[in-house]
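> So the number in this note's numbering is just where the residue sits in the sequence shown, counting from 1, plus 1273.
Some hints here could point you the wrong way.
[What the hints assert, rightly or not] The list that follows gives simulated cross-link-like pairs (lysine to any residue, SDA-like), each with its CA atoms no further than 20 angstroms apart:
| no. | residue 1 | residue 2 |
| --- | --- | --- |
| 1 | K1457 | N1487 |
| 2 | K1457 | K1425 |
| 3 | K1344 | L1416 |
| 4 | K1414 | Y1379 |
| 5 | K1457 | I1435 |
| 6 | K1299 | G1362 |
| 7 | K1536 | D1458 |
| 8 | K1425 | F1353 |
| 9 | K1457 | I1492 |
| 10 | K1414 | G1362 |
| 11 | K1497 | R1375 |
| 12 | K1497 | L1334 |
| 13 | K1378 | G1362 |
| 14 | K1407 | N1487 |
| 15 | K1536 | Y1379 |
| 16 | K1497 | E1510 |
| 17 | K1300 | R1375 |
| 18 | K1434 | S1338 |
| 19 | K1434 | L1416 |
| 20 | K1557 | E1490 |
| 21 | K1344 | D1458 |
| 22 | K1344 | K1457 |
| 23 | K1425 | V1321 |
| 24 | K1434 | I1355 |
| 25 | K1414 | Y1313 |
| 26 | K1299 | F1353 |
| 27 | K1497 | Y1379 |
| 28 | K1344 | Y1314 |
[Unchecked claim] Listed next, with one range per pair, are the computed distances between beta-carbon atoms:
| no. | residue 1 | residue 2 | range |
| --- | --- | --- | --- |
| 29 | D1359 | K1300 | 45 to 55 angstroms |
| 30 | D1413 | P1381 | 11 to 21 angstroms |
| 31 | Y1508 | T1531 | 41 to 51 angstroms |
| 32 | K1425 | S1404 | 24 to 34 angstroms |
| 33 | E1478 | K1299 | 53 to 63 angstroms |
| 34 | K1378 | K1425 | 28 to 38 angstroms |
Because the hints were derived from the structure by calculation, they are not lab data. All C-beta atoms, glycine included, are put in the ideal place defined by N, C-alpha and C.
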Amino acid sequence: MKKNYKCRVTIIMAILSLLFGCSGNKKYNADDIVGASTSYYGTECNPVYAFSLQRQDENWLFSASCYVQRKEGYTSFDSFPIPAEDAEGFLEIIREEDEISRLSKYRPLSILHAADAPTNSSVMTFSDGNSIEKETAFCDKALRCLYSLAEKHYETAENVKITSVFVSCSSMDHSSSYSYTLEKDENTWYFSFDAVIDGSGAHTEVERQKINENDAEEILRIIKNQQIVTMVRQYEEPDDDGLIALDETTYRLSFDFTDGTSKSAPIEAGEELISAFYALAAEKIH
C-alpha cells in the first residue's frame, strides 16, 4: 500500500512538472532578462507584428516586423543596435506590470488549435539560460513600447544596408572548399568567387565581375528571409574544449554595412544562399 502511494505521488509530481515547468520555483526579475520576443501571426505570410530585443555583451539589438506610420507602411529589420535607455524603458514596463510573473502563470484555455488560426507567441530568456515561452502576447503597455521603438528606429535601421557579403568554406577536400564575395562599389555590384563550378573538380577563380542589380537583390533577399545577419550578430564563441580536429571543415560568414560597421562569424551560410551563389557563378562562366 505504501509503495502504491509513493508511486501515485511520483506520477502526480511528474504531471505537475510537465504542466508548470521544472524551473517554476525560481524567481526572475527584469534585470535577469537577456532576450525578449513576441509575435502575432494572422492569415498573412508576414506577421501582424514580431518584435525581438536581445542583449549582446553590453549592447541591445532590436528586430521588428510591423506596421508603422499609422498602418500606412510596413517595416522589417533585424538586429539593429539601440541605446541602452530604450531597452531599459521596455524592461521598466516589465517590472511595473510584473510581466514575468504573469507569463509564468499563464495557462491557455485550450490546447487545441486550428492549423490556420491566428497565433501569439512570447518568449523571455534569462541570463542563466532558462526561458519562459507561452502562446500569448505581452501586456498592452509592453506592446505599445515595442511599437514605439519600431517607429523610432525603423527609418535608420532600414537605411543601414549591406555593402558586402563574404562566405567561405575551407575543407581538407579541396574540391569542397569555396568562397564567394558580393560587394558594392558606389552604385555597382561586383561578384568574386573561387569554387568548383563544373564537374571537372578544378576550381574556377573570378575577381570582381560586374553583375546586375537583380542578381544582387536576389542574394540580399535570401539573406533577409533567412535572417542570416541576425545569426551572425548573435553568434557567441563556444567554450574552448582544448581539442583540435585535424580534418575540421571551417566556415566564415561576414558582412559590411553602410554605417561603416562589420560583422563576422565562423558559421555556415545555409544551403539556400550557397546554392544561389553557385548558380550565379555558373551563369557567369558560361
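> Please go over all the hints and tell whether each is borne out by the structure.
Now for the hints, and whether the structure bears them out:
At most 20 angstroms may separate the alpha-carbon atoms for a hinted pair to count; K1457 and N1487 meet this at roughly 13 angstroms. As the CA atoms of K1457 and K1425 are separated by approximately 28 angstroms, the hinted pair breaks the 20 angstroms bound. Taking the CA atoms of K1344 and L1416, the gap is near 15 angstroms; set against the 20 angstroms cutoff, the hint holds. Taken as a hint, the K1414 and Y1379 pair is honoured in the structure, with Cα atoms around 17 angstroms apart against an allowance of 20 angstroms.
Using a Cα cut-off of 20 angstroms, the hinted pair K1457 and I1435 holds, with the two alpha carbons roughly 8 angstroms apart. In summary, the hint linking K1299 to G1362 is not supported, as the alpha carbons are separated by about 24 angstroms, beyond the 20 angstroms threshold. Only pairs whose Cα atoms come within 20 angstroms are accepted, and K1536 paired with D1458 is accepted, the gap being roughly 19 angstroms. Annotation: proposed proximity of K1425 to F1353 holds, straight-line Cα distance about 12 angstroms (limit 20 angstroms).
A distance of roughly 13 angstroms separates the Cα atoms of K1457 and I1492; the hinted pair therefore holds under the 20 angstroms criterion. Under the criterion of a C-alpha separation no larger than 20 angstroms, the hint pairing K1414 with G1362 is consistent with the structure, at around 11 angstroms. Taking the CA atoms of K1497 and R1375, the gap is about 33 angstroms. The hint is violated against a cut of 20 angstroms. For the given pair, K1497 sits about 16 angstroms from L1334 by alpha-carbon distance, which is consistent with the 20 angstroms threshold.
For the hint linking K1378 to G1362, the alpha-carbon distance of about 24 angstroms lies beyond 20 angstroms, and the restraint is violated. The suggested pairing of K1407 with N1487 is violated, with an alpha-carbon distance near 40 angstroms, which exceeds 20 angstroms. Between K1536 and Y1379, the direct Cα distance comes to roughly 38 angstroms. Violation of the 20 angstroms bound is thereby established for this hinted pair. The suggested pairing of K1497 with E1510 is violated, with an alpha-carbon distance near 23 angstroms, which exceeds 20 angstroms.
Between K1300 and R1375 the CA atoms are separated by roughly 12 angstroms; this keeps the pair inside 20 angstroms, and the hint holds. For the suggested pair K1434 and S1338, the alpha carbons sit about 17 angstroms apart, so the restraint of at most 20 angstroms is met. Between K1434 and L1416 the alpha-carbon distance is near 27 angstroms, which puts this suggested pair outside the 20 angstroms criterion. Between K1557 and E1490, the direct Cα distance comes to roughly 16 angstroms. Compliance with the 20 angstroms bound is thereby established for this hinted pair.
Only pairs whose Cα atoms come within 20 angstroms are accepted, and K1344 paired with D1458 is rejected, the gap being roughly 35 angstroms. The hinted pair formed by K1344 and K1457 fails the criterion: a straight-line CA distance of about 33 angstroms is larger than 20 angstroms. At roughly 18 angstroms between alpha-carbon atoms, K1425 and V1321 fall within 20 angstroms of each other, so this suggested pair holds. Distance restraint check for K1434 and I1355: the Cα-Cα separation of roughly 16 angstroms lies within the 20 angstroms cut-off, and the hinted pair is therefore satisfied.
Between K1414 and Y1313 the CA atoms are separated by roughly 16 angstroms; this keeps the pair inside 20 angstroms, and the hint holds. For the hint linking K1299 to F1353, the alpha-carbon distance of about 31 angstroms lies beyond 20 angstroms, and the restraint is violated. For the hint linking K1497 to Y1379, the alpha-carbon distance of about 33 angstroms lies beyond 20 angstroms, and the restraint is violated. Note on K1344 and Y1314: the hinted pairing holds, with a Cα-Cα distance of about 16 angstroms set against a maximum of 20 angstroms.
Checked against the given bound of 45 to 55 angstroms, the beta carbons of D1359 and K1300, roughly 26 angstroms apart, lie outside it. Against the hinted window of 11 to 21 angstroms, the Cβ-Cβ separation of D1413 and P1381 comes to about 19 angstroms, which satisfies the hint. Range check, Y1508 to T1531: about 21 angstroms between beta-carbon atoms, so the 41 to 51 angstroms window is missed. Under the hint 24 to 34 angstroms, the C-beta atoms of K1425 and S1404, about 27 angstroms apart, fit the expected range.
About 55 angstroms separates the C-beta atoms of E1478 and K1299, a value consistent with the hinted range of 53 to 63 angstroms. With their beta carbons about 32 angstroms apart, K1378 and K1425 fall inside the hinted range of 28 to 38 angstroms.
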